[in-house]
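Colleague: Residue numbers (UniProt numbering), protein chains in the order written: chain A, 1 to 220; chain B, 1 to 220.
These are computed hints drawn from the structure, not numbers from a lab. Each hint should be verified, as a subset may be incorrect.
[Unchecked claim] Partial list, computed: chain A residues near chain B (C-beta under 8 Å):
| hint | residue |
| --- | --- |
| 1 | Pro-62 |
| 2 | Ala-66 |
| 3 | Arg-106 |
| 4 | Ala-107 |
| 5 | Val-108 |
| 6 | Ala-111 |
| 7 | Leu-138 |
| 8 | Ala-160 |
| 9 | Ala-164 |
| 10 | Ala-176 |
| 11 | Arg-187 |
| 12 | Leu-208 |
| 13 | Ala-212 |
| 14 | Pro-213 |
[Said to hold, decoys possible] Taking CB as the label site, the calculated pair distances span:
| hint | chain 1 | residue 1 | chain 2 | residue 2 | range |
| --- | --- | --- | --- | --- | --- |
| 15 | B | Asp-201 | A | Ala-164 | 55 to 63 Å |
| 16 | B | Arg-20 | A | Pro-119 | 46 to 54 Å |
| 17 | B | Gln-150 | A | Arg-145 | 31 to 39 Å |
[Said to hold, decoys possible] Derived list of chain A stretches under chain B, where covered just means 3 residues or more per stretch with a C-beta under 8 Å from a C-beta of chain B:
| hint | stretch |
| --- | --- |
| 18 | 22-33 |
| 19 | 68-82 |
Glycine residues also receive a C-beta, built at the ideal position from the N, C-alpha and C atoms.
2 protein chains.
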Amino acid sequence: MPEPQAASPRTPDATRRSERSRRAIYDAALALVTEVGYARTTVEGIASRAGVGKQTIYRWWPSKSAVLLDAYLDLAGQAAAEAQDGQDGAEAAGLPDTGDLAADLRAVLRATVDELNDPRFEAPTRALTAEGVVDGELGARFVERLLEPQLQLYVDRLTAAREAGQVRDGVDPRVAVELLVGPLTHRWLLRTRPLTHAYADELVEYALHGIAPRQAVEGA
Amino acid sequence: MPEPQAASPRTPDATRRSERSRRAIYDAALALVTEVGYARTTVEGIASRAGVGKQTIYRWWPSKSAVLLDAYLDLAGQAAAEAQDGQDGAEAAGLPDTGDLAADLRAVLRATVDELNDPRFEAPTRALTAEGVVDGELGARFVERLLEPQLQLYVDRLTAAREAGQVRDGVDPRVAVELLVGPLTHRWLLRTRPLTHAYADELVEYALHGIAPRQAVEGA
């Protein structure tokens, strides 16, 4: 059993009740944003659906966007935990590193494709991303708390690959990661084409080896 | 002077009045979506701001999203026309083709960076893109009428480059274009990092030559 927040001065019963309320609030927030969109989701609506008082929400979060962001981070954390069940425990914190960069990137991008295609994640991810596109402050928090930590895992893996001679000297891993994540996100957000494992594999191939002829370096 | 719609049976005066109304409606639609967002923009609000009756709008467009999409396409058309002023007329319809693929792609991506950073385009582009992310039907029309025709220009240029031996045989130009446009859009929409000419140049370099060592083909 996971230990409840150790620093809390509450009794075990109060802690359990808090945890139940928090879970109900997260579930209600994600369900609402999925059903009616960000603009029409309200703290009142979340409270009512979760069966708690509005003041319970305001005691823990300053605003609708703060609840939604925490609810979404909680969901993303669940997804990460599920993904780790299929991995060795030792690699849980980062991207896989089998020594084969292409294979590792294919595995990660395929898992991302599966997550983006999962209805549980798709609607809330779309709702929050769309709001971040027009609301710079929410977008910045979304990027800082969720996106950049994810991108950093790629940066770490690509940095290790560069040290192992599998990424060219002089390549900036923070730019390189966008070559993988950018097209995937673009295709998913704008729904231009189906998001498939085959596409994930193609992206890895193109990003690693480029689209120019490989002997271009000799002709340059 | 551009000729008004030649097929119209109207008198010249009526055509001029229609054209003035259409322009006022487009301007009002873009101003409103920029100021209050997509959800709170209404046909009534557009009509009132444009100084026309609601029925004038409904005579020409079936819905708010249809007006906004046309207004946005008109704006994008103006941007394209402005960009062409700096180009040879003969190349106006497609991407530049000087024979140097890297230079041509850098020029196009730099121009895209400038457009995305231009406040006239930024707010309405964000508003419509965000709405398309959550509203699949609007998103599909946005992609069909605006995005895919733009991507096709890249596909044509990359196909010509493949025929000229500057793109590897077997590379799918429709996937390759996403390696350029995807990261740019990702960075802009999510505001992860500044969108600069230097970034555009880096993307072209990485997309053409990949991030793996160039001699990787010999070791494979």
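Colleague: Per the coverage rule (Cβ-Cβ under 8 Å, at least three residues), is the stretch 22-33 of chain A covered by chain B?
Modeller: Per the Cβ count (0), the hint is violated.
Colleague: Just tell me: holds or violated, for the beta carbon distance of B:Gln-150 and A:Arg-145 against 31 to 39 Å?
Modeller: holds (32 Å)
Colleague: Verify the interface restraint on A:Pro-213: the C-beta must sit less than 8 Å from at least one C-beta of chain B.
Modeller: holds (5 Å)
Colleague: Assuming the hint says 46 to 54 Å, is it satisfied by the Cβ distance from B:Arg-20 to A:Pro-119 or not?
Modeller: The hint (46 to 54 Å, Cβ to Cβ) holds, given that B:Arg-20 and A:Pro-119 are roughly 47 Å apart.
Colleague: May I ask you to test the interface hint for A:Pro-62 with respect to chain B, counting a Cβ-Cβ separation under 8 Å as satisfied?
Modeller: With a closest approach of 22 Å, the A:Pro-62 hint is violated.
Colleague: Hint A:Ala-164 vs chain B: min CB-CB distance below 8 Å?
Modeller: violated (11 Å)
Colleague: Per the CB criterion, is A:Val-108 less than 8 Å away from chain B?
Modeller: violated (15 Å)
Colleague: Against the range 55 to 63 Å, how does the distance between the Cβ atoms of B:Asp-201 and A:Ala-164 compare: consistent or not?
Modeller: Violated, at about 27 Å.
Colleague: Would you settle whether the hint for A:Ala-66 is holds or violated, based on the nearest Cβ-Cβ distance to chain B being less than 8 Å?
Modeller: violated (19 Å)
Colleague: Would the hint on A:Ala-160 be counted as holding, given a Cβ-Cβ threshold of 8 Å to chain B?
Modeller: violated (13 Å)
Colleague: Can you verify the interface hint for A:Leu-138: is its Cβ closer than 8 Å to any Cβ in chain B?
Modeller: violated (11 Å)
Colleague: Please check whether A:Ala-111 passes as an interface residue: C-beta within 8 Å of a C-beta belonging to chain B.
Modeller: violated (19 Å)
Hint compliance for this structure: hints 1, 2, 3, 4, 5, 6, 7, 8, 9, 15, 18, 19 are not met, and every other hint is.
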